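Student: Letter by letter, the chains look like this.
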Amino acid sequence: DAGITQSPRHKVTETGTPVTLRCHQTENHRYMYWYRQDPGHGLRLIHYSYGVKDTDKGEVSDGYSVSRSKTEDFLLTLESATSSQTSVYFCAIRDPGLGQPQHFGDGTRLSIL
Amino acid sequence: AQSVTQPDIHITVSEGASLELRCNYSYGATPYLFWYVQSPGQGLQLLLKYFSGDTLVQGIKGFEAEFKRSQSSFNLRKPSVHWSDAAEYFCAALLDNYGQNFVFGPGTRLSVLP
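So the sequence lines, in the order shown, correspond to chains A and B. Here the working numbering is used: position 98 in the first sequence is 98, and no number is missing along the way. Here the working numbering is used: position 88 in the second sequence is 88, and no number is missing along the way.
If we strip away everything but chain B, and leave its shape as in the complex, we get (with noise of 0.2 Å):
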């Protein structure tokens, strides 16, 4: 079946810590991929693509994520988290460009300890 997974369902780092969110995908081809951020009481913001190319795509709030064919793999990167980060993270896979095939993992929640 067509899924995206993210395996850690909670991490803690400390500030000014390295981040590595985990996703992997289900798919038969290489779908069109995303990263959101979620804080409390909020709506999902994009953080970054991947569509083609480059396999390193840099996003907004200094997130970076690197696409693995091989792996089936697109985690989210930051190499100093902020207090402010803490927050939900979901993985996205658009499947087809018609918009209902767009598939949600079940988030990562990041708590940021001072």
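Next up, chain A with everything else stripped away, as it sits in the complex (with noise of 0.2 Å):
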């Protein structure tokens, strides 16, 4: 499996509060995502990067940020978390060579109250 750890597993929180999922790999793959996903709704891809320090938005970046000081760590941070972004968070990263896919963590539980 690839080297991919997502922190907290599990976290609830209130609304308002500021929270911040970390996504660890030791693979060196230079591509990162932040995908949720909900019941109906499938995989939204939130935020992605492409090198340290290289980010861009995907289809549901509002209320989101990323940042990635590091090839290893990616961040996902909810300025003032709310209801709405109660989820099951992914993390993937992808090895930029010709038709690789992405590799996955084992996600991370958000409830927002």
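Worth flagging that the hints you see were computed from the coordinates, not collected in a lab. It should be emphasised that the depicted structure is a prediction, and the values quoted were computed from it without experimental measurement. Ideal Cβ positions, reconstructed from N, Cα and C, are used throughout, including at glycine. Hints may contain errors.
Derived CB-CB ranges, DEER-like [stated by the list, open to error]: (1) A/Asp54 <-> B/Phe51: 18 to 28 Å; (2) A/Ser83 <-> B/Gly28: 31 to 41 Å; (3) A/Ser67 <-> B/Ser72: 35 to 45 Å; (4) A/Gly40 <-> B/Gln2: 13 to 23 Å; (5) A/Glu59 <-> B/Phe51: 23 to 33 Å; (6) A/Ser67 <-> B/Asp54: 35 to 45 Å; (7) A/Lys57 <-> B/Thr5: 20 to 30 Å; (8) A/Ser111 <-> B/Ser3: 29 to 39 Å; (9) B/Ile11 <-> A/Pro18: 35 to 45 Å; (10) A/Ser65 <-> B/Ser80: 41 to 51 Å.
Some, not all, of what chain A presents toward chain B, calculated at C-beta under 7 Å [said to hold, decoys possible]: (11) Gly42; (12) Leu43; (13) Phe90; (14) Gly99.
Since each chain comes alone in its own frame, lean on the hints to assemble the complex.
Tutor: Here it is, written out as structure tokens:
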């Protein structure tokens, strides 16, 4: 399995609080991604990174920010969490080689009350 | 629009029966294609991928998939299903090599009857 660690694995917090999720990889892959998975919506891309300090928005980026100061770490921040951001969040990594797949972490289950 | 569709939301099969999960893509060129499996509480695990060449690709856990350009399809098959195969299955397409155009289908949930 790809060396991807997401932390925390579970978190419960209150509306309005800041939340940061961490994705750590040991594969030295260039691309990293944050998705959310919700019933009826499948996987939706929040943000992705194509290198250190190089990030871009996905289809559901409102209310989220990301940072990547090191190759191995990709942080997702909810500046002021809302109940609509209750979800399961997945990190993925990908080698930039031709046709390479994404590899996923085990997810973070986030509940915002 | 570029998309990946999985027509079946939920499929139920008996243990030992054969399985086929359908996937269609909508894209001008042939994308790179993948099948993933997700067990409850887990992330997505790569089953197999189609890159080019042979249209029948073998994957892990006894799965295979066949690419048919004429039908824009990449269906997943297994000759004999095991109870442990119960999970959600996602088809995905990589539409370019830069990584951001990685499109997932909505998933098919597989239930296995004893």
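Student: Of the hints stated earlier, which fail here?
Tutor: No hint contradicted; all consistent.
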